[in-house]
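Number of protein chains: 4
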Amino acid sequence: MGARLTRRITARGVERRNQLVTEATRLFAQRGYHSTSVADIVGSLGVGKGVFYWYFDSKEALFVHILRTGQQELRRLQDAAIAGETDPIRRIELGLRASITWADERPELSQLVQFAANDSLFADRVRRGEEIAVADVAAHLQEAIEAGRIHHDDPVMLAHAMVGTLGHLYRTFVQGAGRDATEVADDLVSFCLYGAFGKQP
Amino acid sequence: MGARLTRRITARGVERRNQLVTEATRLFAQRGYHSTSVADIVGSLGVGKGVFYWYFDSKEALFVHILRTGQQELRRLQDAAIAGETDPIRRIELGLRASITWADERPELSQLVQFAANDSLFADRVRRGEEIAVADVAAHLQEAIEAGRIHHDDPVMLAHAMVGTLGHLYRTFVQGAGRDATEVADDLVSFCLYGAFGKQP
Amino acid sequence: MGARLTRRITARGVERRNQLVTEATRLFAQRGYHSTSVADIVGSLGVGKGVFYWYFDSKEALFVHILRTGQQELRRLQDAAIAGETDPIRRIELGLRASITWADERPELSQLVQFAANDSLFADRVRRGEEIAVADVAAHLQEAIEAGRIHHDDPVMLAHAMVGTLGHLYRTFVQGAGRDATEVADDLVSFCLYGAFGKQP
Amino acid sequence: MGARLTRRITARGVERRNQLVTEATRLFAQRGYHSTSVADIVGSLGVGKGVFYWYFDSKEALFVHILRTGQQELRRLQDAAIAGETDPIRRIELGLRASITWADERPELSQLVQFAANDSLFADRVRRGEEIAVADVAAHLQEAIEAGRIHHDDPVMLAHAMVGTLGHLYRTFVQGAGRDATEVADDLVSFCLYGAFGKQP
DNA sequence: AATGAATGAGCGTTCATTCAT
DNA sequence: GATGAATGAACGCTCATTCAT
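Residue numbers (the numbering used here), protein chains in the order written: chain G, 138 to 338; chain F, 138 to 338; chain C, 138 to 338; chain A, 138 to 338.
Keep in mind that the hints are not guaranteed to be accurate.
[As the list claims (entries may be wrong)] Pairs of lysine-lysine, DSS-like flavour, derived with a Cα cap of 27 Å: (1) G:K186 x C:K196; (2) C:K186 x F:K196; (3) C:K186 x F:K186; (4) C:K186 x C:K196; (5) A:K186 x G:K186; (6) G:K196 x A:K186; (7) A:K196 x G:K186; (8) G:K336 x F:K336; (9) G:K186 x C:K186; (10) G:K186 x G:K196; (11) C:K196 x A:K196; (12) F:K186 x C:K196; (13) A:K336 x C:K336; (14) G:K196 x C:K196; (15) G:K196 x F:K196; (16) A:K196 x A:K186; (17) G:K196 x C:K186; (18) F:K186 x F:K196.
[Said to hold, decoys possible] Just so you have them, the derived chain G footprint on chain F, three or more residues with Cβ under 8 Å: (19) 166 to 179; (20) 254 to 262; (21) 290 to 298.
[Stated by the list, open to error] Here are the in silico distance ranges between beta carbons for each label pair: (22) A:G313 x C:G315: 24 to 34 Å; (23) F:R149 x C:A176: 38 to 48 Å; (24) A:Y190 x C:I146: 46 to 56 Å; (25) A:D317 x C:T206: 30 to 40 Å; (26) A:R205 x C:R145: 51 to 61 Å.
By construction, these hints were calculated from the structure, which means they are not laboratory data.
Note that the Cβ used here is the ideal one computed from N, Cα and C, for glycine as well.
Turn these sequences into a full structure, and let the hints guide you.
Next up, the structure:
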């Protein structure tokens, strides 16, 4: 898909490309996709406009690249976090914690994902990625349901509820209020498992 | 906040203004704020461009107006829904249900709010409106905590968790999958109160 | 084919549109289509760039408009020239003369048609228009053949030969060398009817 | 004219240069001069951009080179075709036939010549080449006129008429409709000598 | 000889906004 | 109140050309 994939790129080229990705990510997160022009990105790097189009087919293509990279990275972290854990409920907890950790370490990426989810150009792509993450959680829930540990008939609904809570708490308290990510993760896990009434002692 | 507020507007003028708001809302929700031009809006109404600037200072001002209207309407519905209810937990439940009902009846408005929350131009305004809604829920929670019915030390965190769940379940299942709003509201309330483990019988 | 067709245009607008067409025709003929930018056209008229796109969907659309106008005008002149003439050979002669006259009076248009015939973007359109003109001539030839006045089995080939001669003589002698169009038309007619050997006395 | 002419070129260099010429000719004919970028040419050959500018001063210079080569080749073929023929009218006929044969065997070159004749950048050069070809034909015609075999006072006009017919018939029937070049040449010769009325038996 | 990287002016096009009528 | 016309800065993108390696 695109000449860019077949172009031979030198070490110097790889570096430039990474610079572009980094700078674009920063600017997109800071000002938004639509308010960041290609001129802004290359200007901020002090290079000519042509450089951008040497490495990417379009502004949109670069954004999609950033998005994909972020979603893949998150997924890898989640997989790593639950590796070896046999308890499905612990797997859910570890997955939620890994997500908040990732977002905390990659605040710009997570912000771009949020934006993309609400822009007609990118919404579908984000939704698809989200479905995958939700399916993972739902699988753990299903296992817990079958083990009789959770009484619910709709693991997908539950999974979505968790993902929604996760996103909102992260945005509000970590990103917005600067609270410690680990503490927020504690509250997130507690809410997702026991709701407002909290764990019965 | 400008010349438009001081302009005397006739009955016919009010109608025109409403037409503009309605059409803009429809188009913004359908194609997105950035992809909808002022020309689209007036063109779709078959009127000249001057009309738009007669009633609104700018495209941004119109969007803010739509946003404010929506948030006020939602708040009014929530207040009406809990009026007379003395049980704080029931008040929370009724508030959540009222929110989903509003979003179901005003899908375009709720979509615009989502967009606005992720656009640098409008995010602050949305956040402020959200804080108000959260404060309401948090007040009910505080009451329940003081009554010893809920054991938690951070009602604001809980309230945000609920609002996040609400938004995501609505988007995914009502808006996205076309499920019945009342059923989704049932699941939402259950999750918010009891979490994944569900109500203990 | 687009929004432009449905736009209400005032008398002033019609004038502007005509100015654009005239100026663009002049510049296209002088510098060529690719070497004439939209900025050149509006700059030459002393108006803003937006004016261009108020009246035309694109630079290409404007060029096509000019082309179509020219071809229609030529056809109308040819039809008028042969109206009432019953002798098919005289009809051919009158058509050829009308064409040279048109080109002489509209040198810019005829140059644009030549350019367009050799540009991949417009070649098909020109070819189609040419086929119509050729069909007219071929019909007259067919009539002459059936009357036993011309001995040839391929009127379409003959018609194309004439059209090719016409274009080249016009370009070389009228457009290029500034010779009198009527005299060139005499030679054209003579060559088309009798070839190099000339009319036998 | 230009540094390139003084550069010593190895055998391998000659090959590269020819590859560039061949590929550029193909692409120019297929997509047009303006729509074919230097990047297209070198990309299609799988070499770097520097190669292009090692062998040619500019895109324009390459095109001019192709043009010149083509015109020279055609002239050589025409000269060879009439060598030894003493009858001036036969020389004309043989020249016309040689031209169609050349165009048939070098369709890309002949298409480029057509394009160049209508582009402000190259028109003059083509015109000059054409004048030479026309002068050849005109010389034969002059000879025939002096021998009393053709009654006409303007051999240059006649020669241009022939060249115009030639080009148009080739384009329409050989290039466009795929007809056999030899048959078209028959019709061309017949038309040029006897016109529409045809040879008197 | 040859490469991939870089330049930057210029392109066609859009669009929020203003304004004379 | 309302219109169609006009503005012009800004946008995403292209591409002939140059250059360090």
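Quiz item: Is it true that the CA of G:K186 sits at most 27 Å from the CA of C:K196?
Solution: holds, 25 Å
Practice problem: For the pair supplied as a hint, G:K196 and C:K196, confirm whether the alpha-carbon distance does not exceed 27 Å. | Solution: holds, 25 Å
Quiz item: Taken at face value, is the distance from the CA of F:K336 to the CA of G:K336 at most 27 Å?
Solution: Since the Cα atoms of G:K336 and F:K336 sit roughly 12 Å apart, the hinted pair holds (cutoff 27 Å).
Quiz prompt | Given hint F:K186 paired with C:K186 - CA-CA distance at most 27 Å | solution = holds, 18 Å
Quiz item: Is the hinted pair F:K186 and C:K196 satisfied, with a Cα-Cα distance of at most 27 Å?
Solution: holds, 24 Å
Exercise. For the pair supplied as a hint, A:K186 and G:K186, confirm whether the alpha-carbon distance does not exceed 27 Å.
Key: Holds: A:K186 and G:K186 sit about 18 Å apart, inside 27 Å.
Quiz prompt | Hint check for C:G315 and A:G313 - Cβ pair distance inside 24 to 34 Å | solution = Since the Cβ atoms of A:G313 and C:G315 sit about 32 Å apart, the hinted range of 24 to 34 Å holds.
Quiz prompt | Pair hint G:K196 and A:K186, alpha-carbon separation not exceeding 27 Å | solution = holds, 24 Å
Quiz item: Going straight from one Cα to the other, do G:K186 and G:K196 come out at no more than 27 Å?
Solution: holds, 12 Å
Quiz item: Honestly, do A:D317 and C:T206 meet the 30 to 40 Å range at C-beta?
Solution: holds, 38 Å
Quiz item: Is the Cα-Cα distance between A:K196 and A:K186 27 Å or less?
Solution: Holds. A:K196 to A:K186 sits at ~12 Å (cutoff 27 Å).
Quiz item: Given the hint that G:K196 pairs with C:K186, does the C-alpha gap stay at or below 27 Å?
Solution: Holds, at about 25 Å.
The structure meets every hint from the earlier list without exception.
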